[in-house]
Amino acid sequence: MITAEQKPIQEIMEYVRPYSRILLVGCNECVTVCAAGGRKEVGLLSSALQMAFMQEGKVLDVKEMTLERQCDPEYVEELAGSINQVEAVLSMACGCGVQEVARRFKEKPVYPALNTKFMGASERQGVWAERCQGCGDCVLGLTGGICPIARCSKRLLNGPCGGSSHGKCEINPDVDCAWQLIWDRLKALGLEKRYEDIAPAKDWRASRDGGPRRIIREDLAS
Amino acid sequence: MKTFEPVIVAFCCHYCAYTAADMAGSMRRCYPSNIRIIRVPCSGKVDAIHMMKAFQKGADGVYVAGCLEGDCHFKNGNTQAARRVAYVKRLLDEIGIGGERLEMITMSAGMGERFASTASDFTEKIRRLGPNPIKGLKKAEAV
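Chains A and B, in that order, are what the protein sequence lines are. FYI, the numbering used here numbers position 52 of the first sequence as 52, with every residue one higher than the one before it. FYI, the numbering used here numbers position 88 of the second sequence as 88, with every residue one higher than the one before it.
Only chain B is shown next, with the shape it has when bound in the complex (with noise of 0.2 Å):
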């Protein structure tokens, strides 16, 4: 049987994870290939529309990862965005889809290591979930 290979898309805060990204790459520690990382910002910069649509569009999980906490760049969009993943997650929960998809990660920009294990640990818990649920359904986009 094929192994499900699950999608998941990352939202990278400029300032900490996206840099932490960078810093495993020059670590050469290997990280899962299913991990889609989208630089952003700021984690503050994530709305909900944007982790909506990425498992409307097919994203097996999500995550966006920003500053440790106290340490944000513009002060609290870290803050912001935990509780703006918090609750986008009752509402996936409320539609079937699976609050546990979804995670607020922090790291600091020096954590390549945990990026890496970070990407490696989600991969592996979204691959126990299995494909989100509408996937392979007929796509239905907003007009």
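Next comes chain A alone, as it looks inside the complex (with noise of 0.2 Å):
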């Protein structure tokens, strides 16, 4: 999923602060899951802004409502009975559920109440972890179901370098050294040979060095 952080409670005040009716737009898709953006952080979100704008004798107004997904224009259509009741819209989605709605709506103001941060999986209740980089040529299956490119600190395909120790990645104790986990994984599968292939430089150009990407599916697109 695509994880996400709310943004300081001082900042998001700072976007809202000119209007006195925002709409507060949550997505129900990853940022519900990694509890960042969803219907009960809207609802939080919203109680903490109209709160904290009292005490300065103010009164906002926040119509809260929450997308099935904020990334698709279908869903973000349903905003449009409420835009023009509000001065501005505040997202609670990542960022491509902000740039959709600011798409969509092109008079009105869009703010971001999330930074958006990794492509991860949750390890545990509470805690997500950094899986995927998007790098669009997926090695995954030459390195066990390991990714180097998210997990190895310096996205080496050929690891570990010297930084390993005892199965730790040298900027950080608690950063498990990608080929290191890669290595096991591959010796547990007995696999161990294609550990000895040597990986060619990746080419970078399905990754972000080939500037903003896009998808065209010929059997789907209209």
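These aren't lab readings, by the way, just hints derived from the structure by calculation.
Pair ranges (Cβ atoms, derived): (1) B:Gly136 x A:Glu14: 25 to 33 Å; (2) B:Phe74 x A:Arg124: 15 to 23 Å; (3) B:Glu124 x A:Glu11: 30 to 38 Å; (4) B:Gly130 x A:Ile215: 52 to 60 Å; (5) B:Arg39 x A:Glu11: 34 to 42 Å; (6) A:Glu218 x B:Phe74: 49 to 57 Å; (7) B:Phe74 x A:Leu140: 34 to 42 Å; (8) A:Glu77 x B:Arg128: 50 to 58 Å; (9) B:Gly136 x A:Arg17: 20 to 28 Å.
For every residue, glycine included, the Cβ atom is placed at its ideal position computed from N, Cα and C.
Two chains, two separate frames, one set of hints: put the complex together.
Listed below in structure tokens is the structure:
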């Protein structure tokens, strides 16, 4: 999922300060799962903002909505009936959702309430960790299902480096060495020989080096 | 000058604090009428939004009363509640309401005396802190 964290309340307040009626929009997808921008968080932020501004003598009118997905125009369209009643939109979606709302409603200022972080997985309740950097050319099939791009601090394709010590990365003793994980996994699978294969230089044009990316499915595209 | 009488919302777990309140009554032990008890099936049922809404609607103080550590009827609802309370306390500090107006308290069903003394102590603490800063200001509710 795409993970995110709420911005500091003071930063959000500065965005909202010029307005008295806002639409606070959550998203039912990734940010609900990572407890950053779902229906619950919308309710909490709404309550917090109203109480914070009341102390400044200002009544902030907050209309709360949570869409099934904020990154799809079909769902963003559901805001059309409410958008004219507000002066600005505060989005609790990831950056994709914020931009989709801004694209659809060009006449309304749209502000982010979250900092979008990374594509990750839940390690346990309340803990999320980075697992994928969307490099566009997946190598998991060669590395025992552990990504050296997302999980090795140096993104090494032929690791580990000299900073690997007792299975941990030199940047932080809490960070596993991805290449130690890869080796352990390949060994468990009986695929140690694969470790000897030298990976050539990666084609980063499939990643961000190729500029903003797009997928076009000819069979689906209208 | 009229004494400030705080409004205090107490979310009380059915299996401990709520029964302790009953016990306090059976013991004829007085406690301040400022406490508004809301019975919940477990302190872990109390969500952050419940605490926030209590303050938004004018409560001067809020506490969540759950079972003693290790005694939760649902295993760990009380520890979850304690973490949630800590989270909301930070949020209340950030928005100027003051995290000290919210507390997590634990007790067993037999602690009628503790229920009453906690209610009195918390009421006094909130009385010293004064009214909720948004009290008396124009109310704004989410639509």
